[in-house]
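S.K.: Here is how the chains run, residue by residue.
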Amino acid sequence: MNVNADTAQRQAPREVIYRHRLAVRLTHWINALALFFLLGSGLNIFNAHPQLYWGAKGDEYDKPLLAIQAVDTDGGTKGVTSIGSWHFNTTGVLGWSKVEGVDTARGWPSWLTIPSFHDLADARHWHFLFAWILAFNSAAYLAWGLTKRHLQRDIWPTRADLRSFIPSVVAHLKLQHPTGDAAKRYNILQRLAYLGVLALIGLMIVSGLSMSPGLDAFAPWLPDLLGGRQSARTLHFFSASLIVLFVFVHVGEVILAGPLNELRSMLTGWFTVPQEHK
Amino acid sequence: MKALSRRAALMGTISSTGLLLSGCDRLTQSQNMQRIFRGVEAWTRMNQRLLLAGGPLAREFKPSDISKEFKANGTLNPGSDDYLRHVEEGFVRWRLTIDGMVANPMALSLAELRKLPARTQITRHDCVEGWSAIGQWTGVPLGLVLQAAGVSPRAKYAVFHCADNLEGEPDKGGSQSPGQYYESIALIDAFHPQTLIAYAMNGKALSVPHGAPLRIRVERQLGYKSAKYVQRIEVTDSLAGISGGRGGYWEDRGYEWYAGI
Numbered sequence: 026m027n028v029n030a031d032t033a034q035r036q037a038p039r040e041v042i043y044r045h046r047l048a049v050r051l052t053h054w055i056n057a058l059a060l061f062f063l064l065g066s067g068l069n070i071f072n073a074h075p076q077l078y079w080g081a082k083g084d085e086y087d088k089p090l091l092a093i094q095a096v097d098t099d100g101g102t103k104g105v106t107s108i109g110s111w112h113f114n115t116t117g118v119l120g121w122s123k124v125e126g127v128d129t130a131r132g133w134p135s136w137l138t139i140p141s142f143h144d145l146a147d148a149r150h151w152h153f154l155f156a157w158i159l160a161f162n163s164a165a166y167l168a169w170g171l172t173k174r175h176l177q178r179d180i181w182p183t184r185a186d187l188r189s190f191i192p193s194v195v196a197h198l199k200l201q202h203p204t205g206d207a208a209k210r211y212n213i214l215q216r217l218a219y220l221g222v223l224a225l226i227g228l229m230i231v232s233g234l235s236m237s238p239g240l241d242a243f244a245p246w247l248p249d250l251l252g253g254r255q256s257a258r259t260l261h262f263f264s265a266s267l268i269v270l271f272v273f274v275h276v277g278e279v280i281l282a283g284p285l286n287e288l289r290s291m292l293t294g295w296f297t298v299p300q301e302h303k
Numbered sequence: 009m010k011a012l013s014r015r016a017a018l019m020g021t022i023s024s025t026g027l028l029l030s031g032c033d034r035l036t037q038s039q040n041m042q043r044i045f046r047g048v049e050a051w052t053r054m055n056q057r058l059l060l061a062g063g064p065l066a067r068e069f070k071p072s073d074i075s076k077e078f079k080a081n082g083t084l085n086p087g088s089d090d091y092l093r094h095v096e097e098g099f100v101r102w103r104l105t106i107d108g109m110v111a112n113p114m115a116l117s118l119a120e121l122r123k124l125p126a127r128t129q130i131t132r133h134d135c136v137e138g139w140s141a142i143g144q145w146t147g148v149p150l151g152l153v154l155q156a157a158g159v160s161p162r163a164k165y166a167v168f169h170c171a172d173n174l175e176g177e178p179d180k181g182g183s184q185s186p187g188q189y190y191e192s193i194a195l196i197d198a199f200h201p202q203t204l205i206a207y208a209m210n211g212k213a214l215s216v217p218h219g220a221p222l223r224i225r226v227e228r229q230l231g232y233k234s235a236k237y238v239q240r241i242e243v244t245d246s247l248a249g250i251s252g253g254r255g256g257y258w259e260d261r262g263y264e265w266y267a268g269i
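Residue numbers (the working numbering), protein chains in the order written: chain A, 26 to 303; chain B, 9 to 269.
A few of these clues could be false.
Stated by the list, open to error - Here are the simulated BS3-like cross-link-like pairs (lysine-lysine), alpha carbons at most 25 Å apart as the crow flies:
1) A:K88 <-> B:K70
2) A:K209 <-> A:K173
3) B:K212 <-> B:K76
4) A:K209 <-> A:K199
5) A:K103 <-> A:K123
6) A:K88 <-> B:K123
7) B:K70 <-> B:K164
8) B:K76 <-> A:K88
9) A:K103 <-> A:K88
In short, the hints are calculated from the structure, not lab data.
Isolated chain A (complex conformation) (with noise of 0.2 Å):
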């Protein structure tokens, strides 16, 4: 009995489905490619003034919430990041790092920017080029995604999913991937996960228009919404950096998870399904 059903399982022709519709696989691509050139050159804009404040204004005579700078001490110049009033020595990464080279005063190093050489003017111009497409390419998926209930099946957690929130964790923590059926649909945290990201992208297009000094003549309330000009720069680069971590965690998935099986699925939409390990 045990050995038939061992052979029956070995032999189950693997099941493939049609996971990801063609919508959802296009706007995805495209997401990752606007938002690694955004935050490509949003950090070579960020190194025009790298420091945070809270507020409507804040310049160098104010006090900033986080700063990154180079500082000359006894011991040679040095990349101090500031939090409040902490400090951190980041020499080499943060405040003062190489250049082709040559050490250099400079917010975020060379290889984490677009371009790679410090130019507010084509940062900003790659910035507003990809802002446009995020902004187009989120607003197809929404459109798409609630037309088609995309949102609403697939996203929106149910009450059983919500239940299976604390099982669900204590299963990733041990590296466990859902199989057979449970792995046909988003688990708890893939929805929560997902449904965090689209509400970062919301803040960063909005914290992003607040920076505006034209759309703000023409809503003076939204940049009022996020606490002013200098908070919704703050805000801008505080949900980009959750954003950075989302895809730290999401690429973990994606290889953990088996990357050749899920990044097919991303390009082509066929996934096949993990089946139960015995």
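Model the placement of chain B on the given structure of chain A, informed by the hints.
M.R.: Then chain B, alone, in the frame of chain A:
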């Protein structure tokens, strides 16, 4: 096998990211990419023009919001013999010329400007670098002066010619060569009620670092549009023949002419 493919996926992700990043530098400098960037700028400007068609005012703040110290940026002192003499004399011989496509060209002294109807506003100054400061500005609405000068119906821009030669700021990125500072705005912005020829800041005559004796205030756009040390306002229908042809010192060095974002 599985571990191998995981490692391959990870390394593939990292190396393709690096490749993409280094490709960006070359792409940035290509003519085609720069053309796309200018297209995006035009698209952004069209959208903002649509939203700002009703001519809304930039937010005005309370006196208690004024920055205790307002960062001065760009040129801090034009430093030429001519300018320093004006400083010594208290700018009594300074003239603001209004010419170009106007019916009545004029040259106004500070005393004459101070006699015209003035506007005082407390606004937020947003630098393209990312910082903001709040200050109070007093001056003559530019629209009033342009109206008196009689702008030609064919004219499109007001160009501000300044007394400072900005010695390039390589630390601001790129290879900015020294050059005479100038700026320009569309007439629709020139006639906006908050666009001022300002002679006072926070209730006092403009200081040298902030553009004495006269600077422009263009609220609703970034700080570099608010030209300092203004000597001449030229009304024109084309920016092509002026300096680098892109309508401003920073514009000639790659920045957007429409600086509403």
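S.K.: For which of the previously enumerated hints does the structure constitute a violation, in increasing order of number?
M.R.: 6 and 7
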